[in-house]
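Please construct the entire structure, taking both the sequences and the accompanying hints into account.
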Amino acid sequence: MLRMHDVSKIYRTDLIETYALRKFSLEVAEGEFVAVTGPSGSGKTTFLNVAGLLEDFDAGSYELEGTDVRRLSDDARSRLRNERIGFIFQSFNLIPDLNVYDNVDVPLRYRRLTAADRDERINSALELVGLASRMKHMPAQLSGGQQQRVAIARAIAGDPAFLLADEPTGNLDSLMSRQVMDLLEQINEMGTTILLVTHDPELARRAQRNVHLIDGQISDFRAYEPRAAAVQAAAPGASGAPGSAFA
Amino acid sequence: MSLGVRPILSALLRNRTGAVLVAVQIAIALAVLVNALYIVVQRVEKIGRPTGIDEPNLLMILSTGFTARYQEVASIEEDLSWLRSLPGVVAASAISAVPLSGSGSAGALMPRPGAPPTDSVNHMEIDEQGIATLGVHLVAGRNFRHEEIQPPLTENNASQFVPEVIVSRALAEHLFPHQNPLGKPVYDLLGQSATIIGVIDPIMGNFPDNPHPDWLYLMPRLPAPFFDGVHYAVRTQPGQRDTVLRLAEAHLAKSNPDRVVNWVRPLSYFKNLSYLWDRAMEIYLLTVTALVIAVTCLGVFALATFNVSTRTKQIGTRRAVGARRRDIVRYFLIENGLITSSGVLVGCALALAAGYWLSLEYALPRLNLYYLVGGVLALWAIGQLAAWQPARRAATVPPSVATRTV
Amino acid sequence: MLGYYTRLALKSFGRNPGLTTLMVLAIALGIAVCIMTLTVYHAMSGNPIWWKNDRLYAVTMDNWDPNQPWRPDWTGPPPQMTYKDSQYLFSSNIPERKVVMYSVDGVISGVGSAAPERVSTRLTSADFFAMFEVPFLYGNGWSASADRPAQPVIVLSREENEKLFGGSNSVGRTLRWNDHEFRVIGVLDEWFPRPKYYDLNGGNFAPPDKAYIPQQWGIDLALLNNEDTDCWRAEKVDNYKEFIASDCVWQQMWVELPDAASRERMQSLIDGYWAEQHKAGRFPRARDNRLTNVAQWLRDNKVVDNDNRVLVGLAFAFLALCLINTVGLLLAKFLNGATITGVRRALGASRRQIFVQHLVEVGAVSVVGAALGLLLATLGLAAVHHLYAAAHLGQRGGYQELTHFDVVGVVWAVILAVAATVAAGLYPAWRIGQLPPAVYLKSQ
Chain P
1 MLRMHDVSKI YRTDLIETYA LRKFSLEVAE GEFVAVTGPS GSGKTTFLNV AGLLEDFDAG
61 SYELEGTDVR RLSDDARSRL RNERIGFIFQ SFNLIPDLNV YDNVDVPLRY RRLTAADRDE
121 RINSALELVG LASRMKHMPA QLSGGQQQRV AIARAIAGDP AFLLADEPTG NLDSLMSRQV
181 MDLLEQINEM GTTILLVTHD PELARRAQRN VHLIDGQISD FRAYEPRAAA VQAAAPGASG
241 APGSAFA
Chain X
1 MSLGVRPILS ALLRNRTGAV LVAVQIAIAL AVLVNALYIV VQRVEKIGRP TGIDEPNLLM
61 ILSTGFTARY QEVASIEEDL SWLRSLPGVV AASAISAVPL SGSGSAGALM PRPGAPPTDS
121 VNHMEIDEQG IATLGVHLVA GRNFRHEEIQ PPLTENNASQ FVPEVIVSRA LAEHLFPHQN
181 PLGKPVYDLL GQSATIIGVI DPIMGNFPDN PHPDWLYLMP RLPAPFFDGV HYAVRTQPGQ
241 RDTVLRLAEA HLAKSNPDRV VNWVRPLSYF KNLSYLWDRA MEIYLLTVTA LVIAVTCLGV
301 FALATFNVST RTKQIGTRRA VGARRRDIVR YFLIENGLIT SSGVLVGCAL ALAAGYWLSL
361 EYALPRLNLY YLVGGVLALW AIGQLAAWQP ARRAATVPPS VATRTV
Chain E
1 MLGYYTRLAL KSFGRNPGLT TLMVLAIALG IAVCIMTLTV YHAMSGNPIW WKNDRLYAVT
61 MDNWDPNQPW RPDWTGPPPQ MTYKDSQYLF SSNIPERKVV MYSVDGVISG VGSAAPERVS
121 TRLTSADFFA MFEVPFLYGN GWSASADRPA QPVIVLSREE NEKLFGGSNS VGRTLRWNDH
181 EFRVIGVLDE WFPRPKYYDL NGGNFAPPDK AYIPQQWGID LALLNNEDTD CWRAEKVDNY
241 KEFIASDCVW QQMWVELPDA ASRERMQSLI DGYWAEQHKA GRFPRARDNR LTNVAQWLRD
301 NKVVDNDNRV LVGLAFAFLA LCLINTVGLL LAKFLNGATI TGVRRALGAS RRQIFVQHLV
361 EVGAVSVVGA ALGLLLATLG LAAVHHLYAA AHLGQRGGYQ ELTHFDVVGV VWAVILAVAA
421 TVAAGLYPAW RIGQLPPAVY LKSQ
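Which chain is which? The protein sequence lines are P, X and E, in order. Residue numbers for the first sequence, in the numbering used here: 1 to 247. Residue numbers for the second sequence, in the numbering used here: 1 to 406. Residue numbers for the third sequence, in the numbering used here: 1 to 444.
Worth double-checking, as some hints may not be accurate.
[To be verified] In silico EDC-like cross-links for lysine to aspartate or glutamate, where the CA-CA straight-line distance does not exceed 16 Å:
hint: 1; chain 1: E; residue 1: Lys302; chain 2: X; residue 2: Glu361
hint: 2; chain 1: P; residue 1: Lys136; chain 2: P; residue 2: Asp159
hint: 3; chain 1: X; residue 1: Lys184; chain 2: X; residue 2: Glu164
hint: 4; chain 1: X; residue 1: Lys46; chain 2: E; residue 2: Glu117
hint: 5; chain 1: P; residue 1: Lys23; chain 2: P; residue 2: Glu63
hint: 6; chain 1: E; residue 1: Lys236; chain 2: X; residue 2: Asp242
hint: 7; chain 1: P; residue 1: Lys136; chain 2: P; residue 2: Glu185
hint: 8; chain 1: E; residue 1: Lys241; chain 2: X; residue 2: Glu155
hint: 9; chain 1: X; residue 1: Lys313; chain 2: P; residue 2: Glu32
hint: 10; chain 1: X; residue 1: Lys254; chain 2: E; residue 2: Glu117
Simulated from the structure, these hints should not be mistaken for lab results.
Below, the structure is given as structure tokens:
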């Protein structure tokens, strides 16, 4: 579904040239849950920006669902981001002046949808993340974990092809982190591809596959045991039933 | 894509302060713009009223006799024959006061003896070249003949009337509505009568600020020296006015030792003085209105810039979730549009209130609604234009801002 | 601490030069427009002899037409008196000082090689100079004995003396006025009351007359007023004798009454005279005899008209706009620097200290704005003065007289402007201190 081949991105200043990504290649199949890991400075954010069409790259090729991304105009990229990618940011990036409902609504407004259609999508997304009762609340009234779950609802409301999550639990405590990760797994089980970028190996272990970045290059591929076994080992008490932990 | 005004509005309402400040500025600007322009147009129309007089080519002269030897009629005849002989002079006349100057004489004039007196009617004394000198149009009847010109009033007959007069059309219409005024008698306060032998139109007399500046009657008589002295009006050919002025000044100063020539001035000097305050009002109102609009634009621009600069993360996020550049521009223009619209709405009320107060103070007709509509459209457009550049700049925020953590 | 805050303020200006400039400019413009408008308004509404406001009174009687008032938009007696009435009242001893006067155009000649010149001359009585506190440079006025029979004595204005005698002490010199010989007995010092309260008939800001002679000369030489003469009655006025006996109004009369008692007595005198004349067939309108003090006189004569009020209103609206604008810009500026403020708060600055720091910044902006505004106003008034003076061909009188800076008034205006701007800055300065520091230490 996602195919990057020998992608390089260079940051140039007057004095030096830095390769944030150096001939980076990655293939992600539909329905996979892939974690991209690496220490800070390894190029994870650059990878995220390139994968999410937030930034352009200097060499190589990137095909998303068969479309060559390089040839796309800014408008076409925006459209692709809107319809095919769902973002989850480390600092949630909710709009502080809008309530929960309106925050989830934001990407939907950039498409041609009827009001009824939007309303339905927002409601089911918020149901899924367990925050349907907080629709009118402002972000400032929610805990970090709740805010991130709203962000997840925003990401999935548009039925994206894949979710791109950037340190989704970086600003959360361990309980909330676990809730968020459970949710992501649940969403993955429902068929959505997930690309998770993190420096936390614990998190990475919950993915099916890991890609490790150092200095913009892949250092090793490691495929882990089937996820179910990893979850049982790492998180006692978590159950697989969708939505049950979050009433 | 739906406009999505409602979420923009709710976000705006939660963070009102800046918006309220700008909306108030816009409201004040609208009230000022509409009313100031209304007053300016009134003044422009007032100054632009037709006078019927050949203003650009007219000179006025004032001569005052001061010795016992001074002979009024001889002096007038000598001066006028010299003036009329100058090349470049079309006509010259003795005249009792300077037109358009705010200085002159007026008295009651009635269509029947003993009728209730009219408001004071402006009158001037001229000789047989007076009509030609002023350049007014005789639309009916005839000019005075040389033999009809009376000698100046003396200290013994100061309340005497004249046998015939020429009236302005507006005055004739007032005295004899829908009738032919020619041949009709008019009466002064003492019951003395004069026959109307001519009608002129258009004309403005000595008093531009009076309620009826176009009510005027002309008398065939040389001016008496009682008040200021003797005025002469001189009409030159186009372009000759200043030359004739210099010649007249030089000659008349020395030609008669029994009188002093107080001044030789173009008629435009007097007209400009009469309208000086109105013109000053125009300039002041236009200047301040322009400044008001400028400061308001500054306020709109500053708020829009501020909103953009404090919301770069939000802009990046919106771009990340799929907003195109023009969606961002649209967002900020809609937000600004809401502010501008509310400002304009309040401004309408303010403009109408101010207009009402002005109409009371000035006894003017109430504010014409076209001005209000025009002002609303203009200010709305200006308000949006001022936010255009910040909105464009907002669209340049790259989507990668969303993933930055600092 | 103030010095430290001032340095911070200057640094803050440097960080946002564009925004700061625009802020200062907006304030300066608002202040300049206000100062200019208020200067003109103040000149128009000033009472040049305010310290004598409870002593000087204009005398008027309503002798006008029973069918219509003197002017359509006028209530009350006409602003001038008939000769008959003013002469009668002038003979009374009740007022401490009294004056009856009017102005004519006279021609001055016979001074060296100077050409004959028409000058506006005031025909007045001896008390004029003391009543209106007219300053003398040389000599003095005449005494009451020179009023009647009228002595050939003349007082010159300073300007006229400059023109005729080069500014030297001309007391004792002779000249010809309307071809009669007059002796100079006094020269006035600089004197230009604005408005010309004692005689508004020739223009509210007309220059004072160039010469002054005893009033009886006008009667003896059968001279007519060079300002307004108004008549309403259908009466034959063929010659001067009939003119001065008529109901035409053309004379100004002022009295100086030291207290309420003398005022009452004067009023009774006038009313008594009115009753007598009314019985004889004059004064057909309802009785309206007035003693009006200068302040009220200026109001009655509408020296300040609607246009002035509109201009002042507009100036204040503009200033309000500029101040609101400033509040907005200050808010934006302060909130933009919020991160730094957050750091300061984290390092221990109290809300009050943050407030004072920002208030100093506001103060600095106000002072600079006010100074710039004052400069702009000065230039603006100078420009206006030149434009008006040019329209008057350089002569005095007219609106250019209104553009003189009244130093006291301007100082007040500037103080008020700075105070207003600082008041406008109170809210932003307070608001910036209210935010919890944490909000601004983190990224947005």
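Checked hints:
{"no.": "1", "hint": "Lys302(E) x Glu361(X)", "in the structure": "13 Å, holds"}
{"no.": "2", "hint": "Lys136(P) x Asp159(P)", "in the structure": "23 Å, violated"}
{"no.": "3", "hint": "Lys184(X) x Glu164(X)", "in the structure": "10 Å, holds"}
{"no.": "4", "hint": "Lys46(X) x Glu117(E)", "in the structure": "36 Å, violated"}
{"no.": "5", "hint": "Lys23(P) x Glu63(P)", "in the structure": "15 Å, holds"}
{"no.": "6", "hint": "Lys236(E) x Asp242(X)", "in the structure": "44 Å, violated"}
{"no.": "7", "hint": "Lys136(P) x Glu185(P)", "in the structure": "27 Å, violated"}
{"no.": "8", "hint": "Lys241(E) x Glu155(X)", "in the structure": "9 Å, holds"}
{"no.": "9", "hint": "Lys313(X) x Glu32(P)", "in the structure": "30 Å, violated"}
{"no.": "10", "hint": "Lys254(X) x Glu117(E)", "in the structure": "13 Å, holds"}
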